[in-house]
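Visitor: Chains A and B supply the protein sequences, listed in that same order. All residue numbers for the first sequence refer to the numbering used here, where the first residue is -10 and numbers rise by one. All residue numbers for the second sequence refer to the numbering used here, where the first residue is 131 and numbers rise by one.
Be careful, since some hints might not be right.
[As the list claims (entries may be wrong)] Below, computed lysine-lysine pairings styled on DSS-like, alpha-carbon distance capped at 25 Å:
#1 B/172 to B/240
#2 B/145 to B/198
#3 B/188 to B/240
#4 B/145 to B/172
#5 B/172 to A/-2
#6 B/201 to B/135
#7 B/240 to B/145
#8 A/46 to B/135
#9 A/60 to B/172
[What the hints assert, rightly or not] Short derived list, chain A residues pointing at chain B, Cβ under 8 Å:
#10 39
#11 42
#12 93
If you're looking for bench data, these hints aren't it; they were derived computationally from the structure. Heads up, the beta-carbon is just placed ideally off N, CA and C, and yes, glycines get one too.
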Amino acid sequence: NAGVTQTPKFQVLKTGQSMTLQCAQDMNHNSMYWYRQDPGMGLRLIYYSASEGTTDKGEVPNGYNVSRLNKREFSLRLESAAPSQTSVYFCASSEEALVYEQYFGPGTRLTVT
Amino acid sequence: QQQVKQSPQSLIVQKGGISIINCAYENTAFDYFPWYQQFPGKGPALLIAIRPDVSEKKEGRFTISFNKSAKQFSLHIMDSQPGDSATYFCAASSRNNDMRFGAGTRLTVKP
């Protein structure tokens, strides 16, 4: 039982490059989330998916797209990376009715130069 | 604007002391108030959570105090230990999958 897994762990991109961050969970949760963590700002929600086939914008969605591939997997795509997207990205999942009880992955540290 | 405000940014406590972290929120639609603990290089993990109709919740050395009228809540860590050294985030969640985090408090417990 791995919980929430994320790949890659680290990534360096040049401005304008694209990449996809992968996330998978094995807890049979309906809801999945993508956050970014920046110093002094806590975690901010980028997108979430309440169930397979649905996605919604969070607090800071600009510059990102997501895909809920199936119940287990939720990916985050940066189409044209910018230095402002340098951050640590966390994926999380929860049971649908327990939004406050989220299980987080280990994170992806992304640097955009 | 940050919907959940957390203080202090950093806290140093002696082993055996009490650590206190405070948070305030604005949106009365929030219906659960969790605290998360994060160690360096790891994702946050749920520590303890409280509903707004409860004024206090205790789990071991960790206690949440909640003041609904003031829209404030706090985490108390009794008998703080070096192993408690981590970053703590308060949060507020609502049923529409919205969870807002405070900026975090870096706690250092000195032996």
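Visitor: Hint by hint, say whether it matches the structure.
Guide: For each hint, the structure was consulted:
At most 25 Å may separate the alpha-carbon atoms for a hinted pair to count; residue 172 of chain B and residue 240 of chain B meet this at roughly 21 Å. Under the criterion of a C-alpha separation no larger than 25 Å, the hint pairing residue 145 of chain B with residue 198 of chain B is inconsistent with the structure, at around 31 Å. Restraint check: the Cα-Cα separation between residue 188 of chain B and residue 240 of chain B comes to about 24 Å, which is no more than 25 Å; the hinted pair holds. For the suggested pair residue 145 of chain B and residue 172 of chain B, the alpha carbons sit about 23 Å apart, so the restraint of at most 25 Å is met.
For a cut-off of 25 Å, the pair hint linking residue 172 of chain B to residue -2 of chain A stands: about 11 Å separates their Cα positions. With a C-alpha separation of about 11 Å, the suggested pairing of residue 201 of chain B with residue 135 of chain B holds against the 25 Å cut-off. This hinted pair checks out: residue 240 of chain B and residue 145 of chain B have alpha carbons roughly 6 Å apart, not beyond 25 Å. Of the supplied pair hints, the one linking residue 46 of chain A and residue 135 of chain B holds, its CA atoms being roughly 22 Å apart against a limit of 25 Å.
Of the supplied pair hints, the one linking residue 60 of chain A and residue 172 of chain B holds, its CA atoms being roughly 24 Å apart against a limit of 25 Å. The interface hint given for residue 39 of chain A holds, since its Cβ lies 5 Å from the closest Cβ of chain B, which is under the 8 Å cut-off. With its C-beta approaching chain B no nearer than about 15 Å, residue 42 of chain A sits outside the 8 Å limit, and its interface hint is violated. A cut of 8 Å between beta carbons decides the hint on residue 93 of chain A: the least distance to chain B is about 3 Å, and the hint holds.
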